[in-house]
Amino acid sequence: MKVRTQVYLLGFVPMMVVGLLLGGYLIQGRLADMERASQQRGEDLAQHMAQHVEHFAETGPLTPERLTGVLREMLAEEDVLYVRVRSPQGELIGEAVAAESLARYGRPLWPGDDRQGHFVAMARLPEAGLAGPVGNARVELTLSQARYWQSIRTMIWAGLSIMGLGLLVAGFSVHRLIAAGLRPLMEVIATVRRIAGGERLPARLVPSELDEIGQLQQGIKQMAESLESLRDNMRQRVAEATAELARQKETAELANRAKSRFLAAASHDLRQPMHAIGLFAAALQPHVTTEEGKAILGKIQSSLVATEGLFSTVLDVSKLDAGIITPQLARISVSRLLERLRDDFQYEAASKGLSLKVHGLPVQVTSDPVLLDRILRNLVTNALRYTDRGGVLIAARRRGDTIRFQVWDSGIGIPSEHFADIFSEFYQVQTLKRDRAKGLGLGLAIVDRLVRLLNHHLEVRSVPGKGTVFNVDVPLASADSSQYPVANEVAAAAYARLHGRVLVVDDDESVLDALVALLRGWGLDVIMARSGAEALAQVAQPPSLVLTDYRLSIGETGLDVVERLRQLFRGAEFPVVVVTGDTTEVGMRAVADQGYALLHKPVQPAKLRALVTRLLRREAASA
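Mind the numbering: the sequence shown is residues 8 to 630 in this note's numbering, read in order.
You may find that some hints are simply not true.
[What the hints assert, rightly or not] No farther apart than 27 Å at their CA atoms in a straight line, the calculated lysine-lysine pairs in the DSS-like style are these: (1) 256 to 473; (2) 364 to 473; (3) 306 to 228; (4) 306 to 614; (5) 359 to 473.
Since the hints were derived computationally from the structure, they do not count as laboratory data.
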(Lines of atoms letter the chains of each structure in order from A and count residues from 1; the text may use other names and numbers.)
(Lines give C-alpha, C1' and ligand atoms only; values in the text may rest on other atoms or scores of the structure.)
Protein backbone atom coordinates (compact mmCIF):
# COMPACT_ATOMS: atom_id res chain seq x y z
CA MET A 1 0.00 0.00 0.00
CA LYS A 2 1.31 3.43 -0.93
CA VAL A 3 2.30 5.93 1.73
CA ARG A 4 -0.22 8.47 0.42
CA THR A 5 -3.09 5.99 0.89
CA GLN A 6 -1.88 5.09 4.35
CA VAL A 7 -1.76 8.75 5.38
CA TYR A 8 -5.31 9.35 4.13
CA LEU A 9 -6.57 6.28 5.97
CA LEU A 10 -4.81 7.32 9.16
CA GLY A 11 -6.40 10.76 8.88
CA PHE A 12 -9.95 9.76 7.98
CA VAL A 13 -10.67 6.41 9.62
CA PRO A 14 -9.99 7.38 13.28
CA MET A 15 -11.97 10.62 12.95
CA MET A 16 -14.84 8.79 11.27
CA VAL A 17 -14.94 6.14 13.99
CA VAL A 18 -14.78 8.75 16.76
CA GLY A 19 -17.47 10.84 15.04
CA LEU A 20 -19.79 7.87 14.65
CA LEU A 21 -19.34 6.75 18.24
CA LEU A 22 -19.71 10.26 19.68
CA GLY A 23 -22.65 11.13 17.43
CA GLY A 24 -24.38 7.87 18.24
CA TYR A 25 -23.89 8.42 21.92
CA LEU A 26 -25.24 12.00 21.83
CA ILE A 27 -28.19 11.10 19.61
CA GLN A 28 -29.10 8.17 21.79
CA GLY A 29 -29.09 10.41 24.87
CA ARG A 30 -31.15 13.06 23.13
CA LEU A 31 -33.68 10.48 21.94
CA ALA A 32 -34.06 9.18 25.46
CA ASP A 33 -34.73 12.72 26.69
CA MET A 34 -37.26 13.34 23.95
CA GLU A 35 -38.99 10.06 24.62
CA ARG A 36 -39.28 10.86 28.32
CA ALA A 37 -40.60 14.33 27.52
CA SER A 38 -43.20 12.92 25.14
CA GLN A 39 -44.24 10.32 27.67
CA GLN A 40 -44.55 12.94 30.38
CA ARG A 41 -46.63 15.23 28.17
CA GLY A 42 -48.99 12.41 27.27
CA GLU A 43 -49.48 11.47 30.87
CA ASP A 44 -50.05 15.12 31.82
CA LEU A 45 -52.64 15.59 29.09
CA ALA A 46 -54.46 12.41 30.09
CA GLN A 47 -54.49 13.48 33.73
CA HIS A 48 -55.70 16.96 32.76
CA MET A 49 -58.47 15.40 30.70
CA ALA A 50 -59.50 13.22 33.63
CA GLN A 51 -59.70 16.25 35.90
CA HIS A 52 -61.73 18.09 33.29
CA VAL A 53 -64.16 15.17 33.03
CA GLU A 54 -64.51 15.04 36.84
CA HIS A 55 -65.29 18.73 36.95
CA PHE A 56 -67.75 18.40 34.09
CA ALA A 57 -69.47 15.47 35.80
CA GLU A 58 -70.11 17.52 38.93
CA THR A 59 -72.31 19.91 36.93
CA GLY A 60 -74.57 17.26 35.53
CA PRO A 61 -74.95 13.79 34.19
CA LEU A 62 -72.35 12.53 31.68
CA THR A 63 -74.26 11.86 28.56
CA PRO A 64 -72.65 11.27 25.20
CA GLU A 65 -74.07 14.52 23.90
CA ARG A 66 -72.65 16.61 26.75
CA LEU A 67 -69.32 14.68 26.82
CA THR A 68 -68.64 14.97 23.09
CA GLY A 69 -68.27 18.72 23.29
CA VAL A 70 -65.79 18.45 26.13
CA LEU A 71 -63.79 15.82 24.24
CA ARG A 72 -63.65 17.99 21.13
CA GLU A 73 -62.15 20.75 23.21
CA MET A 74 -59.34 18.33 24.08
CA LEU A 75 -58.65 17.79 20.36
CA ALA A 76 -57.61 21.41 20.21
CA GLU A 77 -54.48 20.44 22.11
CA GLU A 78 -51.44 19.98 19.86
CA ASP A 79 -50.71 16.40 18.69
CA VAL A 80 -53.99 14.95 20.16
CA LEU A 81 -55.48 12.56 17.60
CA TYR A 82 -58.08 10.64 19.57
CA VAL A 83 -59.76 10.78 22.97
CA ARG A 84 -62.50 8.71 24.60
CA VAL A 85 -64.06 7.99 27.96
CA ARG A 86 -65.26 4.65 29.26
CA SER A 87 -67.50 3.92 32.21
CA PRO A 88 -66.31 1.87 35.15
CA GLN A 89 -68.05 -1.05 33.49
CA GLY A 90 -66.01 -0.48 30.29
CA GLU A 91 -68.80 0.98 28.22
CA LEU A 92 -67.97 3.78 25.82
CA ILE A 93 -69.47 7.03 27.08
CA GLY A 94 -68.01 9.38 24.47
CA GLU A 95 -65.21 9.81 21.92
CA ALA A 96 -63.74 12.34 19.56
CA VAL A 97 -61.46 11.82 16.55
CA ALA A 98 -59.25 14.51 15.10
CA ALA A 99 -59.63 15.25 11.43
CA GLU A 100 -55.84 14.75 10.98
CA SER A 101 -56.17 11.12 12.02
CA LEU A 102 -58.85 10.42 9.48
CA ALA A 103 -57.07 12.35 6.75
CA ARG A 104 -53.65 10.77 7.34
CA TYR A 105 -54.53 7.22 8.26
CA GLY A 106 -58.10 6.82 6.92
CA ARG A 107 -59.38 5.51 10.22
CA PRO A 108 -59.32 6.33 13.91
CA LEU A 109 -56.14 5.35 15.67
CA TRP A 110 -57.31 3.19 18.45
CA PRO A 111 -55.34 2.82 21.62
CA GLY A 112 -52.55 0.31 21.21
CA ASP A 113 -51.57 1.42 17.69
CA ASP A 114 -47.76 1.08 17.52
CA ARG A 115 -47.31 4.20 15.40
CA GLN A 116 -48.70 6.60 18.00
CA GLY A 117 -48.49 7.17 21.77
CA HIS A 118 -51.37 5.92 23.92
CA PHE A 119 -51.95 7.24 27.41
CA VAL A 120 -54.61 6.40 30.09
CA ALA A 121 -55.87 8.35 33.14
CA MET A 122 -58.61 7.58 35.67
CA ALA A 123 -61.42 10.11 36.49
CA ARG A 124 -63.48 9.87 39.72
CA LEU A 125 -67.15 10.18 38.80
CA PRO A 126 -69.80 11.22 41.41
CA GLU A 127 -72.99 9.27 41.96
CA ALA A 128 -75.14 11.92 40.36
CA GLY A 129 -73.23 11.77 37.14
CA LEU A 130 -74.02 8.16 36.27
CA ALA A 131 -77.04 5.93 36.40
CA GLY A 132 -74.88 3.07 37.56
CA PRO A 133 -72.81 2.64 40.63
CA VAL A 134 -70.21 5.13 41.53
CA GLY A 135 -66.68 4.32 40.24
CA ASN A 136 -63.68 5.46 38.26
CA ALA A 137 -64.15 6.35 34.63
CA ARG A 138 -61.30 5.52 32.17
CA VAL A 139 -59.96 8.36 30.06
CA GLU A 140 -57.87 7.24 27.03
CA LEU A 141 -55.77 9.61 24.96
CA THR A 142 -53.77 9.06 21.72
CA LEU A 143 -51.02 11.53 20.75
CA SER A 144 -49.38 11.91 17.34
CA GLN A 145 -45.65 10.98 17.20
CA ALA A 146 -45.02 12.88 13.97
CA ARG A 147 -43.31 15.79 15.69
CA TYR A 148 -41.27 13.33 17.76
CA TRP A 149 -39.99 11.52 14.70
CA GLN A 150 -39.40 14.77 12.87
CA SER A 151 -37.21 15.88 15.75
CA ILE A 152 -35.32 12.60 15.53
CA ARG A 153 -34.73 13.03 11.79
CA THR A 154 -33.62 16.60 12.30
CA MET A 155 -31.21 15.50 15.00
CA ILE A 156 -29.76 12.71 12.83
CA TRP A 157 -29.24 15.04 9.87
CA ALA A 158 -27.64 17.60 12.13
CA GLY A 159 -25.30 14.94 13.52
CA LEU A 160 -24.37 13.71 10.05
CA SER A 161 -23.77 17.27 8.89
CA ILE A 162 -21.51 17.95 11.83
CA MET A 163 -19.66 14.66 11.14
CA GLY A 164 -19.30 15.54 7.44
CA LEU A 165 -17.96 18.92 8.34
CA GLY A 166 -15.48 17.25 10.68
CA LEU A 167 -14.36 14.85 7.93
CA LEU A 168 -13.99 17.77 5.55
CA VAL A 169 -11.81 19.55 8.07
CA ALA A 170 -9.84 16.31 8.57
CA GLY A 171 -9.40 15.89 4.81
CA PHE A 172 -8.14 19.41 4.47
CA SER A 173 -5.72 18.82 7.36
CA VAL A 174 -4.47 15.56 5.82
CA HIS A 175 -4.07 17.23 2.44
CA ARG A 176 -2.08 19.99 4.06
CA LEU A 177 0.06 17.38 5.79
CA ILE A 178 0.71 15.62 2.49
CA ALA A 179 1.47 18.90 0.77
CA ALA A 180 3.80 19.96 3.56
CA GLY A 181 5.61 16.68 4.22
CA LEU A 182 4.57 13.68 2.17
CA ARG A 183 4.74 15.22 -1.30
CA PRO A 184 8.33 16.44 -0.85
CA LEU A 185 9.14 13.01 0.58
CA MET A 186 7.68 11.33 -2.52
CA GLU A 187 9.72 13.67 -4.70
CA VAL A 188 12.82 12.69 -2.73
CA ILE A 189 12.02 9.01 -3.37
CA ALA A 190 11.52 9.66 -7.10
CA THR A 191 14.78 11.63 -7.19
CA VAL A 192 16.67 8.77 -5.53
CA ARG A 193 15.24 6.35 -8.11
CA ARG A 194 16.32 8.60 -10.98
CA ILE A 195 19.79 8.92 -9.50
CA ALA A 196 19.97 5.12 -9.13
CA GLY A 197 18.96 4.84 -12.80
CA GLY A 198 21.86 7.02 -13.88
CA GLU A 199 19.97 10.28 -14.42
CA ARG A 200 21.24 13.61 -13.27
CA LEU A 201 19.82 15.40 -10.21
CA PRO A 202 16.97 17.82 -11.06
CA ALA A 203 17.90 21.46 -11.04
CA ARG A 204 15.68 22.17 -8.03
CA LEU A 205 13.66 20.14 -5.53
CA VAL A 206 10.39 21.57 -4.20
CA PRO A 207 11.32 22.74 -0.68
CA SER A 208 9.37 21.27 2.21
CA GLU A 209 7.82 23.25 5.07
CA LEU A 210 9.06 20.57 7.49
CA ASP A 211 12.61 20.97 8.72
CA GLU A 212 13.27 17.21 8.75
CA ILE A 213 12.20 16.77 5.12
CA GLY A 214 14.23 19.82 4.14
CA GLN A 215 17.32 18.33 5.78
CA LEU A 216 16.68 15.06 3.93
CA GLN A 217 16.39 16.93 0.63
CA GLN A 218 19.63 18.74 1.30
CA GLY A 219 21.38 15.46 2.13
CA ILE A 220 20.06 13.81 -1.04
CA LYS A 221 21.22 16.78 -3.09
CA GLN A 222 24.73 16.63 -1.62
CA MET A 223 24.88 12.86 -2.14
CA ALA A 224 23.72 13.19 -5.75
CA GLU A 225 26.30 15.88 -6.45
CA SER A 226 29.02 13.65 -4.97
CA LEU A 227 27.83 10.70 -7.06
CA GLU A 228 27.68 12.84 -10.19
CA SER A 229 31.20 14.08 -9.58
CA LEU A 230 32.40 10.53 -9.01
CA ARG A 231 30.56 9.36 -12.12
CA ASP A 232 32.09 12.11 -14.25
CA ASN A 233 35.50 11.20 -12.89
CA MET A 234 34.91 7.53 -13.66
CA ARG A 235 33.69 8.38 -17.17
CA GLN A 236 36.81 10.41 -17.79
CA ARG A 237 39.05 7.65 -16.48
CA VAL A 238 37.21 4.99 -18.50
CA ALA A 239 37.44 7.16 -21.61
CA GLU A 240 41.16 7.65 -21.05
CA ALA A 241 41.68 3.91 -20.42
CA THR A 242 39.60 3.05 -23.50
CA ALA A 243 41.58 5.44 -25.63
CA GLU A 244 44.83 3.99 -24.29
CA LEU A 245 43.63 0.44 -24.98
CA ALA A 246 42.57 1.48 -28.47
CA ARG A 247 46.02 2.97 -29.08
CA GLN A 248 47.71 -0.15 -27.76
CA LYS A 249 45.38 -2.36 -29.82
CA GLU A 250 46.08 -0.33 -32.93
CA THR A 251 49.81 -0.52 -32.25
CA ALA A 252 49.58 -4.29 -31.74
CA GLU A 253 47.50 -4.72 -34.90
CA LEU A 254 49.97 -2.64 -36.88
CA ALA A 255 52.82 -4.72 -35.49
CA ASN A 256 50.94 -7.93 -36.23
CA ARG A 257 50.16 -6.83 -39.78
CA ALA A 258 53.78 -5.82 -40.27
CA LYS A 259 54.89 -9.18 -38.91
CA SER A 260 52.43 -10.99 -41.19
CA ARG A 261 53.64 -9.01 -44.20
CA PHE A 262 57.24 -9.73 -43.29
CA LEU A 263 56.60 -13.44 -42.77
CA ALA A 264 54.57 -13.64 -45.96
CA ALA A 265 57.25 -11.88 -47.95
CA ALA A 266 60.04 -13.87 -46.35
CA SER A 267 58.12 -17.11 -46.79
CA HIS A 268 57.41 -16.32 -50.42
CA ASP A 269 61.00 -15.36 -51.15
CA LEU A 270 62.36 -18.44 -49.34
CA ARG A 271 59.88 -20.85 -50.88
CA GLN A 272 60.61 -19.80 -54.43
CA PRO A 273 64.23 -21.09 -54.54
CA MET A 274 63.38 -24.07 -52.29
CA HIS A 275 60.59 -25.03 -54.64
CA ALA A 276 62.82 -24.69 -57.66
CA ILE A 277 65.58 -26.77 -56.01
CA GLY A 278 63.08 -29.52 -55.24
CA LEU A 279 61.78 -29.60 -58.78
CA PHE A 280 65.27 -29.59 -60.27
CA ALA A 281 66.29 -32.42 -57.94
CA ALA A 282 63.26 -34.46 -59.00
CA ALA A 283 63.94 -33.73 -62.66
CA LEU A 284 67.63 -34.66 -62.18
CA GLN A 285 66.87 -38.04 -60.59
CA PRO A 286 66.46 -40.02 -63.86
CA HIS A 287 69.81 -38.68 -65.10
CA VAL A 288 71.88 -39.72 -62.06
CA THR A 289 73.27 -43.20 -62.62
CA THR A 290 76.25 -43.53 -60.27
CA GLU A 291 75.81 -44.71 -56.69
CA GLU A 292 77.73 -41.74 -55.30
CA GLY A 293 75.54 -39.30 -57.27
CA LYS A 294 72.38 -41.06 -56.09
CA ALA A 295 73.57 -40.82 -52.46
CA ILE A 296 74.29 -37.10 -52.79
CA LEU A 297 70.94 -36.53 -54.51
CA GLY A 298 69.20 -38.49 -51.76
CA LYS A 299 70.75 -36.28 -49.08
CA ILE A 300 69.69 -33.19 -51.01
CA GLN A 301 66.13 -34.47 -51.23
CA SER A 302 66.11 -35.39 -47.51
CA SER A 303 67.22 -31.89 -46.60
CA LEU A 304 64.56 -30.46 -48.86
CA VAL A 305 61.92 -32.65 -47.22
CA ALA A 306 63.02 -31.47 -43.76
CA THR A 307 62.93 -27.85 -44.85
CA GLU A 308 59.51 -28.35 -46.41
CA GLY A 309 58.31 -29.89 -43.15
CA LEU A 310 59.49 -26.81 -41.26
CA PHE A 311 57.65 -24.49 -43.64
CA SER A 312 54.56 -26.70 -43.66
CA THR A 313 54.35 -26.77 -39.87
CA VAL A 314 54.26 -22.98 -39.63
CA LEU A 315 51.90 -22.78 -42.57
CA ASP A 316 49.48 -25.35 -41.14
CA VAL A 317 48.86 -23.19 -38.08
CA SER A 318 48.12 -20.19 -40.32
CA LYS A 319 45.77 -22.22 -42.52
CA LEU A 320 43.90 -23.67 -39.55
CA ASP A 321 43.51 -20.26 -37.92
CA ALA A 322 42.29 -18.83 -41.23
CA GLY A 323 39.60 -21.55 -41.41
CA ILE A 324 40.25 -22.45 -45.03
CA ILE A 325 40.84 -26.20 -44.52
CA THR A 326 37.75 -28.28 -45.31
CA PRO A 327 37.77 -31.92 -44.15
CA GLN A 328 37.29 -34.53 -46.88
CA LEU A 329 35.69 -37.46 -45.06
CA ALA A 330 36.39 -41.02 -46.12
CA ARG A 331 36.36 -44.54 -44.70
CA ILE A 332 39.81 -45.34 -43.35
CA SER A 333 41.20 -48.78 -42.53
CA VAL A 334 42.50 -48.64 -38.96
CA SER A 335 44.93 -51.55 -39.33
CA ARG A 336 46.51 -50.15 -42.52
CA LEU A 337 46.80 -46.68 -40.99
CA LEU A 338 48.66 -47.99 -37.93
CA GLU A 339 50.87 -50.30 -40.02
CA ARG A 340 51.93 -47.36 -42.17
CA LEU A 341 52.78 -45.37 -39.04
CA ARG A 342 54.85 -48.27 -37.73
CA ASP A 343 56.76 -48.57 -41.00
CA ASP A 344 57.44 -44.82 -41.15
CA PHE A 345 58.65 -44.48 -37.53
CA GLN A 346 60.32 -47.86 -37.04
CA TYR A 347 63.77 -46.64 -38.05
CA GLU A 348 63.57 -43.48 -35.89
CA ALA A 349 62.54 -45.52 -32.83
CA ALA A 350 65.26 -48.10 -33.37
CA SER A 351 67.89 -45.38 -33.77
CA LYS A 352 67.04 -44.19 -30.21
CA GLY A 353 66.97 -47.72 -28.81
CA LEU A 354 63.19 -47.60 -28.29
CA SER A 355 60.56 -50.20 -29.04
CA LEU A 356 57.63 -49.26 -31.29
CA LYS A 357 54.56 -51.48 -31.05
CA VAL A 358 51.25 -51.27 -32.86
CA HIS A 359 47.91 -52.76 -31.83
CA GLY A 360 45.31 -52.33 -34.58
CA LEU A 361 41.76 -53.47 -35.33
CA PRO A 362 40.23 -54.79 -38.58
CA VAL A 363 37.66 -51.98 -38.71
CA GLN A 364 37.11 -48.69 -40.51
CA VAL A 365 36.59 -45.18 -39.14
CA THR A 366 35.08 -42.07 -40.73
CA SER A 367 37.45 -39.11 -40.90
CA ASP A 368 39.71 -37.13 -43.19
CA PRO A 369 42.57 -39.54 -44.01
CA VAL A 370 45.17 -36.80 -44.47
CA LEU A 371 44.24 -34.86 -41.34
CA LEU A 372 43.85 -37.95 -39.14
CA ASP A 373 47.23 -39.21 -40.35
CA ARG A 374 48.72 -35.82 -39.49
CA ILE A 375 47.24 -35.95 -35.97
CA LEU A 376 48.68 -39.38 -35.22
CA ARG A 377 52.04 -38.56 -36.80
CA ASN A 378 52.41 -35.45 -34.65
CA LEU A 379 51.56 -37.45 -31.51
CA VAL A 380 54.02 -40.25 -32.39
CA THR A 381 56.73 -37.72 -33.28
CA ASN A 382 56.19 -35.98 -29.97
CA ALA A 383 56.29 -39.29 -28.07
CA LEU A 384 59.58 -40.38 -29.67
CA ARG A 385 61.10 -36.93 -29.16
CA TYR A 386 60.51 -36.92 -25.38
CA THR A 387 61.20 -40.61 -24.68
CA ASP A 388 64.75 -41.79 -23.95
CA ARG A 389 64.06 -45.31 -22.66
CA GLY A 390 61.31 -47.88 -22.96
CA GLY A 391 59.16 -47.43 -26.01
CA VAL A 392 56.02 -46.15 -27.72
CA LEU A 393 52.72 -47.97 -28.26
CA ILE A 394 50.23 -47.00 -30.97
CA ALA A 395 46.91 -48.70 -30.26
CA ALA A 396 43.30 -48.64 -31.38
CA ARG A 397 40.53 -49.79 -29.04
CA ARG A 398 36.80 -49.86 -29.57
CA ARG A 399 34.61 -47.80 -27.24
CA GLY A 400 30.96 -48.11 -28.26
CA ASP A 401 30.45 -46.33 -31.58
CA THR A 402 33.96 -44.86 -31.61
CA ILE A 403 37.52 -46.05 -32.04
CA ARG A 404 39.97 -44.65 -29.51
CA PHE A 405 43.44 -44.13 -30.99
CA GLN A 406 46.07 -44.11 -28.23
CA VAL A 407 49.72 -43.09 -28.32
CA TRP A 408 51.53 -44.30 -25.18
CA ASP A 409 55.10 -43.43 -24.25
CA SER A 410 57.40 -43.99 -21.29
CA GLY A 411 58.96 -40.55 -21.49
CA ILE A 412 59.38 -37.65 -19.10
CA GLY A 413 55.64 -37.08 -18.58
CA ILE A 414 53.71 -33.84 -18.27
CA PRO A 415 52.70 -32.22 -14.95
CA SER A 416 48.92 -31.74 -14.72
CA GLU A 417 49.27 -27.97 -14.33
CA HIS A 418 50.68 -27.83 -17.89
CA PHE A 419 47.76 -29.68 -19.55
CA ALA A 420 46.05 -26.42 -20.54
CA ASP A 421 49.26 -24.97 -22.03
CA ILE A 422 50.74 -27.83 -24.03
CA PHE A 423 48.36 -27.13 -26.92
CA SER A 424 49.55 -23.52 -27.24
CA GLU A 425 51.94 -22.42 -29.96
CA PHE A 426 55.69 -22.62 -29.25
CA TYR A 427 55.13 -24.14 -25.78
CA GLN A 428 57.56 -26.70 -24.38
CA VAL A 429 57.09 -28.20 -20.93
CA GLN A 430 60.64 -29.17 -20.07
CA THR A 431 62.13 -25.69 -20.04
CA LEU A 432 61.09 -22.07 -20.25
CA LYS A 433 63.52 -21.59 -23.14
CA ARG A 434 62.63 -23.28 -26.39
CA ASP A 435 64.87 -26.20 -27.30
CA ARG A 436 65.43 -26.29 -31.06
CA ALA A 437 66.25 -29.97 -30.79
CA LYS A 438 62.68 -30.52 -29.56
CA GLY A 439 61.10 -28.74 -32.53
CA LEU A 440 59.16 -25.51 -32.72
CA GLY A 441 56.52 -26.42 -30.14
CA LEU A 442 53.76 -26.44 -32.79
CA GLY A 443 53.01 -30.16 -33.03
CA LEU A 444 50.37 -30.34 -30.29
CA ALA A 445 48.94 -26.96 -31.30
CA ILE A 446 48.26 -28.40 -34.76
CA VAL A 447 46.82 -31.59 -33.22
CA ASP A 448 44.40 -29.59 -31.10
CA ARG A 449 43.21 -27.51 -34.07
CA LEU A 450 42.79 -30.55 -36.32
CA VAL A 451 40.84 -32.49 -33.69
CA ARG A 452 38.45 -29.57 -33.22
CA LEU A 453 38.13 -29.15 -36.99
CA LEU A 454 37.18 -32.84 -37.39
CA ASN A 455 34.87 -32.72 -34.35
CA HIS A 456 36.79 -35.56 -32.69
CA HIS A 457 37.63 -35.81 -29.00
CA LEU A 458 41.12 -35.40 -27.54
CA GLU A 459 42.31 -36.02 -24.01
CA VAL A 460 45.64 -36.51 -22.27
CA ARG A 461 46.75 -38.37 -19.15
CA SER A 462 50.27 -38.28 -17.78
CA VAL A 463 52.41 -39.15 -14.78
CA PRO A 464 55.66 -37.15 -14.52
CA GLY A 465 58.65 -39.46 -14.80
CA LYS A 466 56.57 -42.42 -16.04
CA GLY A 467 54.99 -41.41 -19.32
CA THR A 468 52.04 -39.96 -21.19
CA VAL A 469 49.06 -41.20 -23.22
CA PHE A 470 47.11 -39.16 -25.77
CA ASN A 471 43.62 -40.40 -26.70
CA VAL A 472 41.78 -39.43 -29.89
CA ASP A 473 38.18 -40.68 -30.30
CA VAL A 474 37.07 -41.11 -33.94
CA PRO A 475 33.59 -42.26 -35.10
CA LEU A 476 33.39 -45.87 -36.22
CA ALA A 477 32.31 -46.29 -39.85
CA SER A 478 28.68 -47.44 -39.98
CA ALA A 479 26.09 -48.23 -42.63
CA ASP A 480 25.51 -44.49 -43.02
CA SER A 481 29.20 -44.05 -43.88
CA SER A 482 28.77 -45.79 -47.24
CA GLN A 483 28.37 -42.34 -48.81
CA TYR A 484 32.06 -41.69 -48.11
CA PRO A 485 34.73 -43.16 -50.40
CA VAL A 486 37.39 -45.57 -49.21
CA ALA A 487 40.67 -43.74 -48.70
CA ASN A 488 43.23 -44.67 -51.35
CA GLU A 489 46.28 -46.00 -49.63
CA VAL A 490 48.64 -46.09 -52.60
CA ALA A 491 48.20 -44.80 -56.11
CA ALA A 492 48.43 -47.90 -58.27
CA ALA A 493 49.75 -46.09 -61.25
CA ALA A 494 51.96 -43.59 -59.46
CA TYR A 495 54.60 -43.42 -62.17
CA ALA A 496 52.52 -44.06 -65.26
CA ARG A 497 52.92 -41.48 -68.00
CA LEU A 498 50.38 -38.68 -67.95
CA HIS A 499 48.53 -37.13 -70.87
CA GLY A 500 47.16 -33.63 -71.23
CA ARG A 501 47.93 -30.01 -71.99
CA VAL A 502 49.07 -28.02 -68.94
CA LEU A 503 49.42 -24.24 -68.78
CA VAL A 504 52.12 -23.21 -66.28
CA VAL A 505 52.23 -19.53 -65.19
CA ASP A 506 55.04 -18.27 -62.91
CA ASP A 507 57.12 -15.11 -62.96
CA ASP A 508 60.19 -16.83 -61.46
CA GLU A 509 62.41 -18.15 -64.25
CA SER A 510 64.03 -20.90 -62.18
CA VAL A 511 60.71 -22.20 -60.85
CA LEU A 512 59.14 -22.03 -64.29
CA ASP A 513 62.00 -23.97 -65.89
CA ALA A 514 61.96 -26.59 -63.13
CA LEU A 515 58.20 -27.10 -63.38
CA VAL A 516 58.30 -27.40 -67.16
CA ALA A 517 61.13 -29.95 -66.97
CA LEU A 518 59.29 -31.98 -64.32
CA LEU A 519 55.91 -31.98 -66.07
CA ARG A 520 57.38 -32.83 -69.45
CA GLY A 521 59.23 -35.69 -67.78
CA TRP A 522 55.80 -37.04 -66.75
CA GLY A 523 54.68 -37.00 -70.37
CA LEU A 524 52.60 -33.82 -70.31
CA ASP A 525 52.37 -31.18 -73.03
CA VAL A 526 53.39 -27.95 -71.26
CA ILE A 527 52.70 -24.34 -72.21
CA MET A 528 54.79 -21.92 -70.16
CA ALA A 529 54.03 -18.24 -69.49
CA ARG A 530 55.38 -15.55 -67.17
CA SER A 531 52.24 -13.37 -67.05
CA GLY A 532 48.58 -13.34 -67.93
CA ALA A 533 49.13 -11.54 -71.22
CA GLU A 534 51.76 -14.07 -72.28
CA ALA A 535 49.45 -16.94 -71.31
CA LEU A 536 46.53 -15.56 -73.32
CA ALA A 537 48.79 -15.06 -76.33
CA GLN A 538 49.99 -18.71 -76.33
CA VAL A 539 46.80 -20.72 -75.68
CA ALA A 540 44.52 -21.37 -78.63
CA GLN A 541 42.13 -23.75 -76.85
CA PRO A 542 41.21 -24.50 -73.22
CA PRO A 543 44.02 -26.31 -71.37
CA SER A 544 43.50 -29.58 -69.52
CA LEU A 545 44.96 -28.03 -66.36
CA VAL A 546 46.23 -24.63 -65.20
CA LEU A 547 49.18 -24.60 -62.80
CA THR A 548 49.86 -21.04 -61.63
CA ASP A 549 51.67 -19.08 -58.97
CA TYR A 550 49.44 -16.85 -56.82
CA ARG A 551 51.54 -13.70 -56.71
CA LEU A 552 52.81 -12.60 -60.12
CA SER A 553 54.57 -9.41 -61.14
CA ILE A 554 53.08 -5.90 -61.29
CA GLY A 555 50.22 -6.63 -58.87
CA GLU A 556 48.81 -9.47 -60.98
CA THR A 557 47.69 -12.74 -59.36
CA GLY A 558 47.16 -16.21 -60.71
CA LEU A 559 43.42 -15.82 -59.98
CA ASP A 560 43.34 -12.86 -62.38
CA VAL A 561 44.93 -15.01 -65.10
CA VAL A 562 42.39 -17.81 -64.57
CA GLU A 563 39.51 -15.32 -64.71
CA ARG A 564 40.76 -13.92 -68.04
CA LEU A 565 41.10 -17.47 -69.41
CA ARG A 566 37.50 -18.29 -68.42
CA GLN A 567 36.31 -15.10 -70.15
CA LEU A 568 38.28 -16.10 -73.26
CA PHE A 569 36.94 -19.67 -73.29
CA ARG A 570 33.38 -19.13 -72.14
CA GLY A 571 31.71 -22.30 -70.92
CA ALA A 572 34.98 -24.22 -70.71
CA GLU A 573 35.75 -26.00 -67.44
CA PHE A 574 39.32 -26.84 -66.46
CA PRO A 575 40.90 -27.59 -63.06
CA VAL A 576 43.23 -25.07 -61.44
CA VAL A 577 46.15 -25.66 -59.08
CA VAL A 578 47.66 -22.65 -57.30
CA VAL A 579 51.25 -23.25 -56.17
CA THR A 580 52.50 -20.37 -54.07
CA GLY A 581 54.87 -19.28 -51.37
CA ASP A 582 52.34 -16.70 -50.10
CA THR A 583 51.20 -17.48 -46.53
CA THR A 584 48.89 -14.51 -45.93
CA GLU A 585 45.37 -15.29 -44.79
CA VAL A 586 43.93 -13.06 -47.52
CA GLY A 587 45.67 -14.97 -50.27
CA MET A 588 44.83 -18.42 -48.89
CA ARG A 589 41.18 -17.49 -48.36
CA ALA A 590 40.89 -16.00 -51.86
CA VAL A 591 42.04 -19.30 -53.37
CA ALA A 592 39.77 -21.32 -51.08
CA ASP A 593 36.76 -19.16 -52.00
CA GLN A 594 37.29 -20.03 -55.67
CA GLY A 595 37.44 -23.74 -54.85
CA TYR A 596 40.87 -24.21 -56.44
CA ALA A 597 43.50 -26.68 -55.24
CA LEU A 598 46.25 -25.01 -53.21
CA LEU A 599 49.85 -26.17 -52.71
CA HIS A 600 52.55 -24.28 -50.86
CA LYS A 601 56.16 -24.08 -51.96
CA PRO A 602 58.30 -26.01 -51.70
CA VAL A 603 56.14 -28.88 -53.00
CA GLN A 604 57.26 -32.48 -53.04
CA PRO A 605 57.09 -33.76 -56.62
CA ALA A 606 55.23 -36.86 -55.46
CA LYS A 607 52.48 -34.74 -53.90
CA LEU A 608 52.27 -32.55 -57.01
CA ARG A 609 52.12 -35.62 -59.29
CA ALA A 610 49.37 -37.22 -57.20
CA LEU A 611 47.27 -34.04 -57.34
CA VAL A 612 47.83 -33.49 -61.08
CA THR A 613 47.00 -37.14 -61.80
CA ARG A 614 43.73 -36.97 -59.83
CA LEU A 615 42.62 -33.71 -61.46
CA LEU A 616 43.43 -34.88 -64.99
CA ARG A 617 41.56 -38.13 -64.45
CA ARG A 618 38.55 -36.26 -63.10
CA GLU A 619 38.68 -33.90 -66.09
CA ALA A 620 38.89 -36.83 -68.50
CA ALA A 621 35.98 -38.60 -66.81
CA SER A 622 33.74 -35.52 -67.05
CA ALA A 623 34.65 -34.78 -70.68
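- Query: Going back to the hint list, which numbers does this structure go against?
  - Reply: Violated hints (numbers, rising): 1, 3; every other hint is consistent with the structure.
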